[in-house]
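Enquirer: Here is what each chain is made of, one letter per residue.
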Amino acid sequence: MNKPLPDPVPATTKDAQVRWEAEYAAQIGADPPVHNRSGIPIKPLYTPLDVDATRFDADVGYPGQPPYTRGIYATMHRGRTWTQRQLIGLGTPAAYNARLRDILGQGASAVSLIPCNSVFRGYDMDEVDAELLGTCGVVANSAGHMATCLEGVDLATTSCAMNDPSPFTLLAFMLATAKRRGVDWRAITGTSNQSDCISHYVANHMFFRLALPGARRILVDHIRWCNAHVPRWNPLSVVGQHMQQAGATPAEALGFTLASAVQYADDCVAAGMSPDDFLPRFTFFFDISISFFEEIAKFRAGRRIWQKLVRERYAARDPRSWRFKFHAQTSGVDLTRQQPLNNIARVTAQAIAGIFGGLQSLHTDAYDEALSCPTQFGARIAVATQNILREEAHLTDVIDPLGGSYYVESLTDAMEERVLAVLADVEREGGMYKAVESGFVQRRIGESARRFQERIDGGEQTVVGVNAYRVDEAPDARPSLPKPDEAEMRAHLASFAAWKASRSSDTVARALSDLARSAQGDGGNVFGAVVAAAEAGCTHGEICGTLRREVGFGHPLIVV
Amino acid sequence: MSPPPKVLITKIGLDGHDRGSRIVAAHLRDSGMEVVYTPPWQEIPTVVKLALEEDVDVIGISSLATDHLIVPKLMRALREAGLGDVAVIVGGIVPDDDEKALLDAGVARVFHPGAALDEISAFVREATARVRAARFPA
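As you go down the protein sequences, you meet chains A and B in turn. For what it's worth, my numbering labels the leading residue of the first sequence as 1, then goes sequentially. For what it's worth, my numbering labels the leading residue of the second sequence as 561, then goes sequentially.
In case anyone wonders, no lab produced these hints; they're calculated from the structure. Hints are not guaranteed to be accurate.
DSBU-like mimics (lysine-lysine), calculated; alpha carbons at most 35 Å apart, straight line [what the hints assert, rightly or not]:
no. : chain 1 : residue 1 : chain 2 : residue 2
1   : B       : 660       : B       : 609
2   : B       : 566       : A       : 434
3   : B       : 566       : B       : 609
4   : A       : 308       : A       : 43
5   : B       : 609       : B       : 633
6   : B       : 633       : B       : 566
7   : A       : 500       : A       : 179
8   : A       : 308       : A       : 434
9   : A       : 434       : B       : 633
10  : B       : 660       : B       : 566
11  : B       : 609       : A       : 483
12  : B       : 633       : A       : 483
13  : A       : 179       : A       : 483
14  : A       : 500       : A       : 483
15  : A       : 14        : A       : 43
16  : A       : 483       : B       : 660
17  : B       : 633       : A       : 500
To give an idea of the interface, some chain B residues facing chain A are shown, with a C-beta separation under 10 Å as derived from the structure [as the list claims (entries may be wrong)]:
no. : residue
18  : 573
19  : 583
20  : 601
21  : 602
22  : 605
23  : 626
24  : 632
25  : 653
26  : 686
27  : 691
Computed from a predicted structure; not experimentally measured. Cβ coordinates follow ideal geometry from the N, Cα and C atoms, glycine included.
Make a model of the complete structure from these sequences and hints.
Expert: Have a look at this one:
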């Protein structure tokens with residue numbers, strides 16, 4: 001939509017525009033309307049008339065200053081580039097550790113750990129089908145396993161992101177490991193990824209399904225406990241990535257994510273916490289689709305909305321509370337099984353959008369992710385892609401290089417408007433928990449997913465190699481992928497059984513009964529009890545099993 | 561006219577990514593089929609029981625994160641329950657080598673990312689016709 005014309009508009013601008021409009025109309029031929037994934041109409045040209053120059057300071061400003069449209073720090077990537085964080089998870093703890101050291105040697109600057117799906121679901125390795133162990137992540141069920149995973153990693157200096165849904169046992173195992181190594185918990189940095197239980201209810205569902213009221217209480221306890229004991233740890237990462245991967249448009253994903261963040265902040269305030277104590281440790285995690293400019297505008301709009309929201313709604317005074325810090329991952333859904341090497345080009349375009357969008361941390365997908373869990377070969381290319389963009393293409397030389405672009409500024413405004421509308425919808429539903437319990441959010445996302453699939457099936461949205469530009473592929477185009485070593489996994493299972501039998505059953509029983517009492521609401525912090533249980537030698541499955549009994553099993557409403 | 565195909569769309573194993581199963585279920589429903597849909601994480605005996613009680617023609621298993629590795633167990637359980645004639649299709653991320661193993665185990669077809677919804681519904685109709693022809697020979 002056009003902003004009011006700056007007054008006076010130079011006559012030459014108007015004349016030139018009129019001439020261009022006439023020539024465009026004469027030459028373009030069929031010109032069907034173009035919309036981005038969020039449904040925003042896209043014009044063929046943006047000009048000074050699309051932006052209001054008098055609003056520059058208020059809407060765009062400078063990096064490191066509200067409204068943070070151009071970035072949350074004054075120096076942004078020119079000062080410190082993003083953290084290169086590759087998700088890895090593989091087989092046994094020893095296999096994971098070997099891959100981790102390889103990736104750190106290739107330029108990755110932080111640890112990320114993805115556990116086996118059995119861990120996500122709250123089970124120990126001896127409680128699930130053995131065929132599935134370690135096929136998608138590392139089988140880590142105890143503090144001892146975590147120590148092996150992180151062998152050779154300095155926990156005082158390396159940021160660690162744990163894919164660790166409630167009740168956050170992986171962090172507890174890491175803290176137990178740190179204590180044994182004499183590392184001060186106050187030095188530890190990193191993030192509890194997957195701590196956003198709402199996002200798991202709505203999409204993705206890779207979590208231990210604690211009943212929502214219990215999960216809600218444990219999350220607030222986790223935030224409070226981490227703020228006090230591991231003050232540099234980010235206990236909450238609010239996730240838009242799950243919803244966008246499940247089909248939400250970029251504007252919907254950002255809107256629902258901000259609505260979740262509001263819900264969690266409201267809960268922390270209701271629990272008596274002060275906004276400036278917990279907000280500086282709120283972080284976000286987003287998807288970067290291949291809708292290039294839309295993603296850049298999404299991130300710019302997100303920063304602007306968040307700072308306004310926390311200042312107005314929570315009267316946050318500490319600038320650290322205002323900063324919209326986020327990790328982003330290139331979109332796996334955009335990748336294709338057909339001609340898989342094409343995915344390297346897709347990931348590159350997505351990564352550039354994320355970098356121009358001002359991210360703090362980036363995971364680039366391996367090209368083979370559409371085939372299975374990434375190979376070492378694929379993971380190396382993904383890391384190299386980031387190195388090339390940073391050091392060969394010089395994307396970090398200039399802060400917010402697209403700032404001031406008529407298109408990008410206008411699109412940022414339009415995205416902001418759409419996102420605020422989503423936030424208002426959720427507010428009308430009574431907040432994010434209510435909107436999820438009623439299925440409102442799931443229905444919206446399901447509809448968007450379906451609309452997008454229909455656009456692909458109808459050929460309206462090209463996917464190279466899938467609905468256009470298909471080629472006959474050689475049978476070796478898709479390499480077969482390694483599975484975890486069966487003998488290693490059997491040995492891992494056997495040593496787990498032997499270790500469990502060797503523990504003091506009294507110590508374990510006492511820690512679990514303390515955990516049960518805190519979950520019943522004896523006033524103790526539930527996450528504090530989880531950490532104590534991890535230190536006492538309890539396993540992941542024992543901790544989750546105890547909480548499952550005490551707070552109940554969750555049944556997310558899944559709407560078709 | 562014979563009644564429309566009856567299809568069970570489900571996920572077994574540990575993974576919860578359900579975008580694919582939801583889209584396919586909604587598409588089959590909207591193209592006139594009777595769809596029984598379950599959330600993820602079903603146990604194999606539960607799937608067998610549902611297939612028996614609901615008398616389905618086709619079972620669609622969605623697998624995005626290696627859960628297809630236990631589909632051969634499901635095939636055995638179906639045969640043991642006398643449901644060897646139900647057509648089982650698998651959709652999602654299935655490496656080529658594993659696809660062969662699934663077909664050897666009796667899976668009727670594996671759909672990969674990029675499969676069109678119409679292709680899936682057409683196959684379900686054909687499979688239903690075959691299943692019914694075998695069950696009720698003319």
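Enquirer: Take the hints in turn and mark each one as holding or not.
Expert: Hints, one by one, checked against the model:
A distance of roughly 27 Å separates the Cα atoms of residue 660 of chain B and residue 609 of chain B; the hinted pair therefore holds under the 35 Å criterion. For the hint linking residue 566 of chain B to residue 434 of chain A, the alpha-carbon distance of about 34 Å falls within 35 Å, and the restraint holds. A hinted pair counts as satisfied when its Cα atoms are at most 35 Å apart, and residue 566 of chain B with residue 609 of chain B qualifies at roughly 15 Å. Distance hint between residue 308 of chain A and residue 43 of chain A is fulfilled; the C-alpha atoms sit about 29 Å from each other, no more than 35 Å.
Taken as a hint, the residue 609 of chain B and residue 633 of chain B pair is honoured in the structure, with Cα atoms around 15 Å apart against an allowance of 35 Å. Under the criterion of a C-alpha separation no larger than 35 Å, the hint pairing residue 633 of chain B with residue 566 of chain B is consistent with the structure, at around 22 Å. Our distance criterion of 35 Å between C-alpha atoms is met by residue 500 of chain A and residue 179 of chain A, whose separation comes to about 21 Å. This hinted pair checks out: residue 308 of chain A and residue 434 of chain A have alpha carbons roughly 24 Å apart, not beyond 35 Å.
At roughly 39 Å between alpha-carbon atoms, residue 434 of chain A and residue 633 of chain B are farther apart than 35 Å, so this suggested pair is violated. Straight-line distance between C-alpha atoms of residue 660 of chain B and residue 566 of chain B comes to about 26 Å, which keeps the hinted pair within the 35 Å bound. Of the pairs offered as hints, the one joining residue 609 of chain B and residue 483 of chain A holds, with about 31 Å between alpha carbons and a cut-off of 35 Å not exceeded. Of the supplied pair hints, the one linking residue 633 of chain B and residue 483 of chain A holds, its CA atoms being roughly 18 Å apart against a limit of 35 Å.
A distance of roughly 33 Å separates the Cα atoms of residue 179 of chain A and residue 483 of chain A; the hinted pair therefore holds under the 35 Å criterion. Taken as a hint, the residue 500 of chain A and residue 483 of chain A pair is honoured in the structure, with Cα atoms around 26 Å apart against an allowance of 35 Å. With a C-alpha separation of about 17 Å, the suggested pairing of residue 14 of chain A with residue 43 of chain A holds against the 35 Å cut-off. Between the alpha carbons of residue 483 of chain A and residue 660 of chain B the distance comes to roughly 16 Å, so the proposed pair stays at or under 35 Å and holds.
Restraint check for residue 633 of chain B and residue 500 of chain A: satisfied, since their Cα atoms lie roughly 29 Å apart, inside the 35 Å limit. A least Cβ separation of about 6 Å between residue 573 of chain B and chain A falls short of the 10 Å threshold, and the interface hint therefore holds. Satisfaction of the interface hint for residue 583 of chain B is found here, the shortest Cβ-Cβ separation to chain A being roughly 5 Å, below the 10 Å cut-off. For residue 601 of chain B, the shortest C-beta to C-beta distance to chain A is roughly 7 Å, which falls under 10 Å, so the interface hint holds.
Using the Cβ-Cβ criterion of 10 Å, the hint placing residue 602 of chain B at the interface with chain A is not satisfied: the shortest such distance is roughly 12 Å. Using the Cβ-Cβ criterion of 10 Å, the hint placing residue 605 of chain B at the interface with chain A is not satisfied: the shortest such distance is roughly 13 Å. For the restraint placing residue 626 of chain B at the interface with chain A, the shortest Cβ-Cβ distance is roughly 4 Å, inside the 10 Å limit, so the hint holds. Nearest Cβ of chain A to the Cβ of residue 632 of chain B: about 9 Å, under the 10 Å cut. The hint holds.
Here the hint on residue 653 of chain B is kept, as its CB sits about 6 Å from the closest CB of chain A, short of 10 Å. For residue 686 of chain B, the suggested interface contact is broken, since its CB lies about 19 Å from the closest CB of chain A, more than 10 Å. Look at residue 691 of chain B: its Cβ only gets to about 23 Å from chain A, farther than 10 Å, so that hint breaks.
Hints 9, 21, 22, 26 and 27, counting from the list given before, are not met by this structure.
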